[in-house]
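Asker: All chains, full assembly: derive it from the sequences and hints.
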Amino acid sequence: MTTTPRTRRARRLVALLATGALAGLTACGSGGTAPTVSSDAGPEGVDDGTTLTLWTRAPLEAQAQLLVDAYNESHENQVELTITPNDDYVTRVGAAAGSGDLPDLFAADIVYVPNWTEAGLFADITDKIAELPEAGSINQGHLDAGTYEDQQYVLPFVLDLSVMFWNKDLYRQAGLDPEQGPTTLAEYEEQALAVQALDQEGVYGTAFGGNCGGCGVFTWFPMVWASGEQVMDEAGTESLLDGDAATEVYDTFRTLQEAGAVTPASRDETGATWVADFQEGRVGVMPYPATLLQGTSETVDVGVTPIPGVDGGASTFVGGDGIGISKDSEAPDAAWNFLSWLMSDEAQVEVLAANDVTPARTDLADNEFAKEDPRVQVINEVAGAADSRTPFAPNFQQAFNAPGSPWVTLFRNQVYGDAGTLEQDNEAISEALSQ
Amino acid sequence: MTPPSTPLPPGATTGAPAGAGDDPVTASLARRSPLAPRAGRRGRPVRPGRGRGGSSSRRRQGWLYAAPTALFVLVLFLVPLGLVLRMSVSDWSLFAGSRGINVPDNFTAAVGDRLFGPAVQFTVTYTVVTTVILIALALGLALLVQEATRWNSVVRTAVLVPSALGLASASLLFYALYSPQSGPLGPLLQRLGLADGPVSFLGTPSAALWSTVALVVWRFAGFYMLLLLVGLQGISGDVYEAASIDGAGRFRSFWHITLPLLTPSLALCTILCVTGSLLAFDQFYILTKGGPDNTTVTVVQLVYSTAFAGANDLGRAAALSILVLGALVVVNALQFKALRRKDV
Numbered sequence: 001m002t003t004t005p006r007t008r009r010a011r012r013l014v015a016l017l018a019t020g021a022l023a024g025l026t027a028c029g030s031g032g033t034a035p036t037v038s039s040d041a042g043p044e045g046v047d048d049g050t051t052l053t054l055w056t057r058a059p060l061e062a063q064a065q066l067l068v069d070a071y072n073e074s075h076e077n078q079v080e081l082t083i084t085p086n087d088d089y090v091t092r093v094g095a096a097a098g099s100g101d102l103p104d105l106f107a108a109d110i111v112y113v114p115n116w117t118e119a120g121l122f123a124d125i126t127d128k129i130a131e132l133p134e135a136g137s138i139n140q141g142h143l144d145a146g147t148y149e150d151q152q153y154v155l156p157f158v159l160d161l162s163v164m165f166w167n168k169d170l171y172r173q174a175g176l177d178p179e180q181g182p183t184t185l186a187e188y189e190e191q192a193l194a195v196q197a198l199d200q201e202g203v204y205g206t207a208f209g210g211n212c213g214g215c216g217v218f219t220w221f222p223m224v225w226a227s228g229e230q231v232m233d234e235a236g237t238e239s240l241l242d243g244d245a246a247t248e249v250y251d252t253f254r255t256l257q258e259a260g261a262v263t264p265a266s267r268d269e270t271g272a273t274w275v276a277d278f279q280e281g282r283v284g285v286m287p288y289p290a291t292l293l294q295g296t297s298e299t300v301d302v303g304v305t306p307i308p309g310v311d312g313g314a315s316t317f318v319g320g321d322g323i324g325i326s327k328d329s330e331a332p333d334a335a336w337n338f339l340s341w342l343m344s345d346e347a348q349v350e351v352l353a354a355n356d357v358t359p360a361r362t363d364l365a366d367n368e369f370a371k372e373d374p375r376v377q378v379i380n381e382v383a384g385a386a387d388s389r390t391p392f393a394p395n396f397q398q399a400f401n402a403p404g405s406p407w408v409t410l411f412r413n414q415v416y417g418d419a420g421t422l423e424q425d426n427e428a429i430s431e432a433l434s435q
Numbered sequence: 001m002t003p004p005s006t007p008l009p010p011g012a013t014t015g016a017p018a019g020a021g022d023d024p025v026t027a028s029l030a031r032r033s034p035l036a037p038r039a040g041r042r043g044r045p046v047r048p049g050r051g052r053g054g055s056s057s058r059r060r061q062g063w064l065y066a067a068p069t070a071l072f073v074l075v076l077f078l079v080p081l082g083l084v085l086r087m088s089v090s091d092w093s094l095f096a097g098s099r100g101i102n103v104p105d106n107f108t109a110a111v112g113d114r115l116f117g118p119a120v121q122f123t124v125t126y127t128v129v130t131t132v133i134l135i136a137l138a139l140g141l142a143l144l145v146q147e148a149t150r151w152n153s154v155v156r157t158a159v160l161v162p163s164a165l166g167l168a169s170a171s172l173l174f175y176a177l178y179s180p181q182s183g184p185l186g187p188l189l190q191r192l193g194l195a196d197g198p199v200s201f202l203g204t205p206s207a208a209l210w211s212t213v214a215l216v217v218w219r220f221a222g223f224y225m226l227l228l229l230v231g232l233q234g235i236s237g238d239v240y241e242a243a244s245i246d247g248a249g250r251f252r253s254f255w256h257i258t259l260p261l262l263t264p265s266l267a268l269c270t271i272l273c274v275t276g277s278l279l280a281f282d283q284f285y286i287l288t289k290g291g292p293d294n295t296t297v298t299v300v301q302l303v304y305s306t307a308f309a310g311a312n313d314l315g316r317a318a319a320l321s322i323l324v325l326g327a328l329v330v331v332n333a334l335q336f337k338a339l340r341r342k343d344v
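Going down the list, the sequences are from chains A and B. Under my numbering, read the first sequence as residues 1 to 435, first letter to last. Under my numbering, read the second sequence as residues 1 to 344, first letter to last.
Simulated from the structure, these hints should not be mistaken for lab results. Take the hints with a grain of salt, since some may be wrong.
Said to hold, decoys possible - Label-pair ranges, simulated between beta-carbon atoms:
#1 A:419 - B:108: 55 to 65 Å
#2 B:103 - A:48: 48 to 58 Å
#3 A:65 - B:128: 22 to 32 Å
#4 A:295 - B:169: 20 to 30 Å
Each residue gets a CB set at the ideal place from its N, CA and C atoms; glycine is no exception.
Answerer: Have a look at this one:
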């Protein structure tokens, strides 16, 4: 294409303007240092009527709303809650982090927290946590996930644990003991097959998120931990998912799949509706999010037991969200007031435990509300069990949770495809972890 | 920041001067239309009788007229493009921002991604399948509607209604229809005896592809039909009359009159369809999430997941976007060239 001097001049002008605009954009992007919570504000921070903003993702809406309402009612400070759909949350936080528009407080899926603290999205609250009277009993898995280079950035917001749920009505019909869930992996398989043997229209032994990395992580990792093995090395850069216990787990699900004891929907399940069939009373037994106990009990007579390993044991995935003060907060002292209240007995027992949410403090596992429902007690106890974990890896999302992650490839091959690719699939996870 | 999501090829603007029209595709088509005002080969208006020394106030006026569009192009297209270009050469993570130059690593990493090859292959397959089916179907529908006199408005409305629905909403609707738990389609097929056992619409690679193609065809057939209908109505009845006097049958007059005279409309549809399909994202994001087993990952989805779902690497995602942009420029240039030759 030929250019006349005039168009060339115009182009140069356009290029110049564009560069100027870019320089402006980046200038606002990288500005500012992280705020610090002042030490003279006291262990409870400041409650002076500041309006605080708080972001979290949709799956935790109910719990977040309870906490925010209770806080707003008893404090001068007012928290404005913003809920974002699960799949868009990372995108939204990323965009806000780039432009310096993060809210005062924001929660993060605990498995992403190592990555986010490393990127400097949270303000350092090490000294403030140390001042808390409850410091010693706060859930260690969440605290560890929020620690970067010996500094602490995150407190547990809402715990989301995985436990084994079974449908007592179906157990009765299948001739199983309705009060006794599986205590080993083999028992899980047997009981699922027994429910399947009822041969009822639309009723299946078990279900799982067959195309959902996060579901697999949440429900299968505890089976490995309960067997006394690990899923990753300590630094979270090497995958150990080709171990003996893990192989047993894959075999169990492959057997169930081949026996037709898994809901047909499981195979394509990307995570949006992976518990729906159980909720409708059409699944015998499956690993399940403990936060859904209340809702599920409305339609199903639910039994609860910890997730077992190959030869017994008990474990859970200590998931859920951690919360911290953002690097962009202009009112860190007021934001700390919310966090210190969040750790108090009032928030943990009167708000969370009263609504059947597991308290984030080990000393409150045996609270007054748990005494009313032995199932809640089971859940609270397994949160502090020796084999329960919050996995730590900076590249967790890429390796496990992302759609089409190497982990999804691995377990789909193990359950549906060519099981001989285990070593090479595991290698792909290690590669993603160590990037 | 975001991958190129405009349905129109950004590359197509390079030849058109600012102010030539909002829509680069129609603008360049209009340039070749005999009805459009006479324009030079490069699109600059030819002003007979007015030399280069024409009054400078007139020239200023011209710039003023062009200014609003130029401003829009600058702010909404050139600046973001510049930002993407900068990202593509930088080590730029989603959370940490720019951390210096990272060339050519961004590009080698983007091409070296384990999903890059499959994504390109799938995107091309999807584009070919969608374009062929959509254009053929839209042409058929347009001819039908053109011929039908009695049910004309009913048919036209029925076919066009899906176009009023956003692609994301349409995808959600189909997600519900295909759902193995609550969708009505599976049981319906079973009752009709067309399938034994539960139907998995998104469970196998080819089922996922065809289920998505069905959605897109349903959603866009009406739109392309309308475009072709306008083209059909632009063909003068005299030509057909002359043909029938010469003894041409239905098929001959379709082949020798309708098709050649419809070429500009068909060209527009093909370009829109190819570009739109190469940039496919919403439907797969909602329906399949790239599954099963990463067999329905499109290139734009790869851009998205590199940026926001896992790697959180805006630099690599931007590099991939630039590659997509380059490919689109080439594809569009080739299409224009091929169509221009036919035009002569």
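Asker: Between residue 295 of chain A and residue 169 of chain B, does the beta-carbon spacing fit 20 to 30 Å?
Answerer: Holds - the Cβ-Cβ distance for residue 295 of chain A and residue 169 of chain B, about 27 Å, lies within 20 to 30 Å.
Asker: Mind checking the hinted window 48 to 58 Å against the Cβ distance between residue 103 of chain B and residue 48 of chain A?
Answerer: Holds - the Cβ-Cβ distance for residue 103 of chain B and residue 48 of chain A, about 50 Å, lies within 48 to 58 Å.
Asker: For residue 419 of chain A and residue 108 of chain B, compare the CB-CB distance with the range 55 to 65 Å and indicate the outcome.
Answerer: At roughly 33 Å between Cβ atoms, residue 108 of chain B and residue 419 of chain A fall outside 55 to 65 Å, so the hint is violated.
Asker: Regarding residue 65 of chain A and residue 128 of chain B, is the given constraint of 22 to 32 Å on their beta-carbon distance met?
Answerer: violated (49 Å)
Of the hints listed earlier, those the structure fails to meet are numbers 1, 3, in rising order.
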